[in-house]
Amino acid sequence: MDADGLHLSLDYLGSSGVILSTEQKASLQNSLLLLKNREKFASVELWGKITGIQGEYFIAQGIGNDKLSDRKCHYSTDCRKWAQLPKLDDSARARALKVEGRFMGDASYEAEYIEPPVNSSDPHATGQTVVVREEDRLTAVVDAISHDVAVAPRGAYIKNPQEVVLRNRSFRGLSIAEASNLNSYFHFRPAEELDKKSLIQKANLDKAIDFLDCIEDDIPHGQLHVMLIAMTIITTTSLRYLWLLQL
Amino acid sequence: RPGNRVNMATSEELAFQNAKAYLLKNSTISGINMYDHLSQIINRVLDERPDNAVDVVGDLSRDLKRTAFTKESETIQETESPSGAVALAQAQAKLFEVTTEPEEAEADEDLQPIVPNVAETAFYFEQTGVGLSREETFRIFLALKQLSKDQPMETVRFWGKLFGTLGNYIVAEVEFKDGEGEDEQMEGEEGDADPELPQRDTSEDQEDEEEKADEPPKSQYKPPPVIPREESRMGTNKKIYFVTTEPGIPWVRLPPVTPAQIAMARKTKKFLTGRLDAPIVSNPPFPGNESNYLRAQIQRISAATHVSPINYYQFEEDEEEEEEEARDSFVVNTEYEGMSYKELADPSLSGWVHHVQYILPQGRCVWYNPVQKAEEEFEDEEEEEEREEPDEPEPEKGPPLLTPLSEDTQLEGQPPWSTTLSTSFATSYTIVGIHSNQWPGAHAFAIDRKFENVYVGWGLKYQPGCFQPALPNQGEKEHPVGEDITETDDPTPEEEAALRAAQEGADQEEEEEEEEEEDDD
Numbered sequence: 002m003d004a005d006g007l008h009l010s011l012d013y014l015g016s017s018g019v020i021l022s023t024e025q026k027a028s029l030q031n032s033l034l035l036l037k038n039r040e041k042f043a044s045v046e047l048w049g050k051i052t053g054i055q056g057e058y059f060i061a062q063g064i065g066n067d068k069l070s071d072r073k074c075h076y077s078t079d080c081r082k083w084a085q086l087p088k089l090d091d092s093a094r095a096r097a098l099k100v101e102g103r104f105m106g107d108a109s110y111e112a113e114y115i116e117p118p119v120n121s122s123d124p125h126a127t128g129q130t131v132v133v134r135e136e137d138r139l140t141a142v143v144d145a146i147s148h149d150v151a152v153a154p155r156g157a158y159i160k161n162p163q164e165v166v167l168r169n170r171s172f173r174g175l176s177i178a179e180a181s182n183l184n185s186y187f188h189f190r191p192a193e194e195l196d197k198k199s200l201i202q203k204a205n206l207d208k209a210i211d212f213l214d215c216i217e218d219d220i221p222h223g224q225l226h227v228m229l230i231a232m233t234i235i236t237t238t239s240l241r242y243l244w245l246l247q248l
Numbered sequence: 123r124p125g126n127r128v129n130m131a132t133s134e135e136l137a138f139q140n141a142k143a144y145l146l147k148n149s150t151i152s153g154i155n156m157y158d159h160l161s162q163i164i165n166r167v168l169d170e171r172p173d174n175a176v177d178v179v180g181d182l183s184r185d186l187k188r189t190a191f192t193k194e195s196e197t198i199q200e201t202e203s204p205s206g207a208v209a210l211a212q213a214q215a216k217l218f219e220v221t222t223e224p225e226e227a228e229a230d231e232d233l234q235p236i237v238p239n240v241a242e243t244a245f246y247f248e249q250t251g252v253g254l255s256r257e258e259t260f261r262i263f264l265a266l267k268q269l270s271k272d273q274p275m276e277t278v279r280f281w282g283k284l285f286g287t288l289g290n291y292i293v294a295e296v297e298f299k300d301g302e303g304e305d306e307q308m309e310g311e312e313g314d315a316d317p318e319l320p321q322r323d324t325s326e327d328q329e330d331e332e333e334k335a336d337e338p339p340k341s342q343y344k345p346p347p348v349i350p351r352e353e354s355r356m357g358t359n360k361k362i363y364f365v366t367t368e369p370g371i372p373w374v375r376l377p378p379v380t381p382a383q384i385a386m387a388r389k390t391k392k393f394l395t396g397r398l399d400a401p402i403v404s405n406p407p408f409p410g411n412e413s414n415y416l417r418a419q420i421q422r423i424s425a426a427t428h429v430s431p432i433n434y435y436q437f438e439e440d441e442e443e444e445e446e447e448a449r450d451s452f453v454v455n456t457e458y459e460g461m462s463y464k465e466l467a468d469p470s471l472s473g474w475v476h477h478v479q480y481i482l483p484q485g486r487c488v489w490y491n492p493v494q495k496a497e498e499e500f501e502d503e504e505e506e507e508e509r510e511e512p513d514e515p516e517p518e519k520g521p522p523l524l525t526p527l528s529e530d531t532q533l534e535g536q537p538p539w540s541t542t543l544s545t546s547f548a549t550s551y552t553i554v555g556i557h558s559n560q561w562p563g564a565h566a567f568a569i570d571r572k573f574e575n576v577y578v579g580w581g582l583k584y585q586p587g588c589f590q591p592a593l594p595n596q597g598e599k600e601h602p603v604g605e606d607i608t609e610t611d612d613p614t615p616e617e618e619a620a621l622r623a624a625q626e627g628a629d630q631e632e633e634e635e636e637e638e639e640e641d642d643d
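Those protein sequences? They're chains V and S, same order as listed. Here the first sequence is numbered in this note's numbering, starting from 2 and rising by one per residue. Here the second sequence is numbered in this note's numbering, starting from 123 and rising by one per residue.
Chain S on its own, in the form it takes in the complex (with noise of 0.2 Å):
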């Protein structure tokens, strides 16, 4: 029928059209087509007429394509954005920079070098089967160098590398020399808000007691008093801490710890992110950022597993002992001549002791009675005597410095750290490696007169079982339930009935009698 011949025709014409566009596009790279090049083949094969045309006609169209004109340069320059690998690339040359003259180099060689022999450390760790890679453990040397030479300190030290999930970061410990890197700025910072002062309550009593009465009661909760952090180079706050992403991007230095943050931190369960500001979302609330949060386990992992082979560390002995203070200072013995690798591999971990200070419970290592500044403050206030007294709360107290690992809890029977031996075929030469079972990721090593601590981890306690948050608090009741407000239910429709008939009826009865009366007279 005409119909279909004419559609099949348009379809044809449709498909040879489309073919004739492809072949007519211009090439990306070299600018021409596939249908001019093939006409020009088919025109140079008609003009010479070589003898086995179809053999050599590559090497036409290459000929072709040779003598064909090109453009030598582009007008448009490609600006190429650099990548971030070129851009990290850029920060951590700085680091490979040597900048000490040689006459300086000479002085400083006198001079203890302040950071600490990090590629010797890391080859012993290696060995045990810890650490990180040998080229990003040099990186992180030169890290280490260049932070203290922007800062005055006395001691840095590689502390560990914390994974997250969108970066990781590397942690330097940091002494500074007496009497600098006091951060003003960190010491004017308050944790969370204190609570409300009263003196500002009382002067609206006293203009406004008429009103007093119309004035919904007021609030009758008083916060727990803040306890204080402690002070810099003391317990929680003994040593500083820097922090970066990776080797080469500038540290950043980490806030003191507070009490309520170690708390806190005890009774969640957070990965880190990778960015310092990124908010934790916990319940109960935590006081503070990840920076916050991130300073929070380095303190705890520090006081839980950085540990020395007994008699490394001394206390010193002209301090008189007394047994209310715990002891928080020690020094490097220099008699130390090191252990065998039996007394130091000993299941039983007698030769290994803690070299930091316990955590108590509220958070800090010397405990703070928070009864006596609470008198302090609330002098003013009217209601004082109406306040309960609290009970003196007991003074916390945890295992003294230089605990021996053979005292550490045990959780559900199995112990707390597990030994390695580097090798098992040279039994002179093996290093002997710890790693902690509470805090996965925790090891410590010793050799001679040899040990460091390390932490490779993700910054979680190990718990057996699934870790469920905290529920929320059950609400505050509104009012005090006492006599005059109770809650009753309204009476129904027939109570009420019940009632205005008995009251009609003892109104009648009073009327009959009065009537009666009036009758009487």
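This is chain V alone, in the form it adopts within the complex (with noise of 0.2 Å):
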């Protein structure tokens, strides 16, 4: 949620659990902004945390000219002070997400796990021991969330001639009725399935506002669900991660 509206939005999501201490709120209003100083990002996002054994991790996105892709992670063990994000590629990724259990909290934490052998003839054989960085490992499942669960209401976001994303002005909120309906939300990510769809289906979308997937394409269905809390707003949550809350 943007950090320019922080106390309000985090507001609604106090009914599903999601609250930040006093203390946390009042560091992160004034370390966002000078983040966003900084770096010079248009706007700074705070993508949430994560809770690992010893401490917690904040993780913030500072968002550039294009809404989906200009996107730099940044993380905060005590919302005071950020560091980015390292880039990982595929097969440090892969690494990284094999480890299992929770995360500690201390960012320079190596997690190991053991490789099973591969064609290996040897019944006995142990695999290899993988040392992942606890920080390579917070990139993996960051990016990983935000693939399978970050979520945006349809037409909130524009496609413009440049194929440059944007927040759309005009957006003014979808009705209860829309809102109830699966239909209605995008996976705020590089579209996928798309091109799979049959021209039939393509002819129906608009070009700016429909160029991301549907939540009812996924499979298995029912991987993420909407609540009316209160009748009034909503939240969609992903069982698969237990959280991804959308206003």
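Just so you know, not all the hints are guaranteed correct.
The calculated DSSO-like cross-link candidates involving lysine-lysine, where the alpha carbons are at most 27 Å apart (straight line), are [claimed, not checked]: (1) S:391 x V:99; (2) V:50 x S:147; (3) V:26 x V:37; (4) S:360 x V:26; (5) S:391 x S:360; (6) V:73 x V:50; (7) S:572 x S:267; (8) V:99 x V:73; (9) S:267 x S:216; (10) V:37 x V:82; (11) S:147 x S:187; (12) V:50 x S:583; (13) V:82 x S:464; (14) S:344 x S:599; (15) V:50 x S:392; (16) S:216 x S:271; (17) S:599 x S:389; (18) S:360 x S:583; (19) S:583 x S:519; (20) V:41 x V:88; (21) V:99 x S:389; (22) V:26 x S:572; (23) S:392 x V:99; (24) S:271 x S:360; (25) S:572 x S:271; (26) V:37 x V:73; (27) S:572 x S:464; (28) S:389 x S:583; (29) V:41 x V:26; (30) S:583 x V:99.
Label-pair distances were calculated between CB atoms; the ranges are [what the hints assert, rightly or not]: (31) S:140 x V:209: 20 to 30 Å; (32) V:43 x S:157: 30 to 40 Å; (33) S:272 x V:30: 38 to 48 Å; (34) S:168 x V:71: 55 to 65 Å.
Since the hints were derived computationally from the structure, they do not count as laboratory data. Don't be surprised by glycine CBs; every beta carbon is placed ideally from N, CA and C.
Dock chain to chain to rebuild the complex, using the hints, since each chain is given by itself in its own frame.
Right, here's the structure in full:
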């Protein structure tokens, strides 16, 4: 959620148990503004927090011109100092995602797991031990969560003729009927399933608005649920990750 | 060619007619249409011939619209069906009504309030980063107050909030006054069906002995004895729980929990849906529906994560210590002074104790020996001698009440609880919060002489890796395999022919022998 209106947006999520302490909110208001200024972002959004055993990670995304692809992730353990998350190549990402168990809370912690032996005729062969830094694991997990669960309502973002994704200033929100329907939400990530649609389906799409994958096309169904909280606020929760909420 | 020209004319005509029809469409808002309006403007302009007509055409248009006749009232009234939000708000409006008379309010002030200061607890939790929004907490407080008025209870507490896929649950923990709150319908409920009583079989045997030989063999299966649930106010049923989906909707009482339900809840992992009558589909089959599953999970969470600072509760001193019986009650220590934040936030967690009894693997807090009762039930059975006596099961033991958290088992090297301080800037005012890693969502805080527990989560225990439900049982054997019932292959045609040939050969030899004997005579 945007750092400018953080207080207000967080209030809406309170009924789902997502709250920050007063100290954290005060620190974030201050440090996010400084981060935006330092890195020359167009805007900064608080992505969320990941709770480890000994500490927590707060993740913020700095956004440039293109709201979809121009995002840089930063993390912090105390809401004051922010560091950029490293970039990973595919093999490092695959390794990082194999680590099991909770995060520690310390960015320099190194987790290990044992790679099962491949094509080995020896039944007692143990695989190699692979070491993964917690920072790398954090990047991989944040990207995986965003890929699976980041959601935007239909019409909130538009793609201009130069193929830049922008916030739609004329978006007035969804009506209650539209909001309860899964069809009105898209995955907020570079489209993967759009090309697989038939030409007839694509003919009905508006190129400026419908440039993302729809949630309803997810297989298996039922991964994302829309719930009306107190009949006024819509939360979509992903059962896979148990958290990602969208107003 | 003439054909083409006709076609073009028709298509132009068609386009013209479409355009005119479109212009003749009446507006839904004002009832006039474009065609008539434009013709009125042109008429006016031609009549009045103003200077620079094109610049004032906008004013002309507005003028014409203003002077047109419009109906004031619509004969068809729009009835708005009340939206869900309005219905909920009306239900919640009742919560906000102040119902006590001023004289009653004065009398109430002397009595200790039943409903605790939920807002204060929520504030402390908020400082540790846990809880719900302030407005919701206030509504929950009002709903608890309403509950305490409806039912005669001793204490009530906000236990927590459980999330579901289609709706959430807000849970209140209630302890009724002595003698009150026994719901007779609840007492009569039984869990699973009792094992079939054998008395029916004996009467049949006496009558139909002749047919006994033809009857198919009866099943030898004896289901394991049903372990009875604990009485109200004891063990797993010490407290009663009420749930509601939103504050304002009437509270629903959850049924008492049986050991079978807790044992099954331990083996399965399900999301709640938000409907109390939803079925729970699992293997092994869960005895009950979502209300029973919810109650079992609430009990498991309470037993595992309800903690208090050490010495807050004490055992009563006048009880003699008996080694065999576990103590199950305690009192508040009036001389509790509070502990420093360092002791409470110590990672070894020796400053905290559990104050809810541990649930044994059997599903109860006090162990129940199933063998004794089984002998009484099967007294009349004829086959008692043939039945093997099961070995006496060993009594299950768990850690006693008020065990410090340092005794909790670690999961794969990760500590069972994490601690946080609400602020690192002011150590004299900091609130210590601890969060369970076994049941993510269970939290507790302590400061000075105050402490409290809450659960805000999905009702799922932490499990590294994926959950795998139990595989279905092996099918039972149809009949015992023995000498009189053995499966063998049918003889092949070759074997049959060989057998027949051997048989004929033997017969022939006999005939020849007989013939020889006759010849001999």
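Hint check:
no.	hint	in the structure
1	S:391 x V:99	23 Å, holds
2	V:50 x S:147	56 Å, violated
3	V:26 x V:37	16 Å, holds
4	S:360 x V:26	40 Å, violated
5	S:391 x S:360	25 Å, holds
6	V:73 x V:50	16 Å, holds
7	S:572 x S:267	21 Å, holds
8	V:99 x V:73	23 Å, holds
9	S:267 x S:216	12 Å, holds
10	V:37 x V:82	13 Å, holds
11	S:147 x S:187	16 Å, holds
12	V:50 x S:583	20 Å, holds
13	V:82 x S:464	26 Å, holds
14	S:344 x S:599	15 Å, holds
15	V:50 x S:392	25 Å, holds
16	S:216 x S:271	13 Å, holds
17	S:599 x S:389	26 Å, holds
18	S:360 x S:583	22 Å, holds
19	S:583 x S:519	22 Å, holds
20	V:41 x V:88	19 Å, holds
21	V:99 x S:389	26 Å, holds
22	V:26 x S:572	25 Å, holds
23	S:392 x V:99	25 Å, holds
24	S:271 x S:360	21 Å, holds
25	S:572 x S:271	26 Å, holds
26	V:37 x V:73	11 Å, holds
27	S:572 x S:464	16 Å, holds
28	S:389 x S:583	11 Å, holds
29	V:41 x V:26	22 Å, holds
30	S:583 x V:99	21 Å, holds
31	S:140 x V:209: 20 to 30 Å	28 Å, holds
32	V:43 x S:157: 30 to 40 Å	49 Å, violated
33	S:272 x V:30: 38 to 48 Å	43 Å, holds
34	S:168 x V:71: 55 to 65 Å	59 Å, holds
Checked against the numbered hints above, the structure breaks hints 2, 4 and 32 and satisfies the rest.
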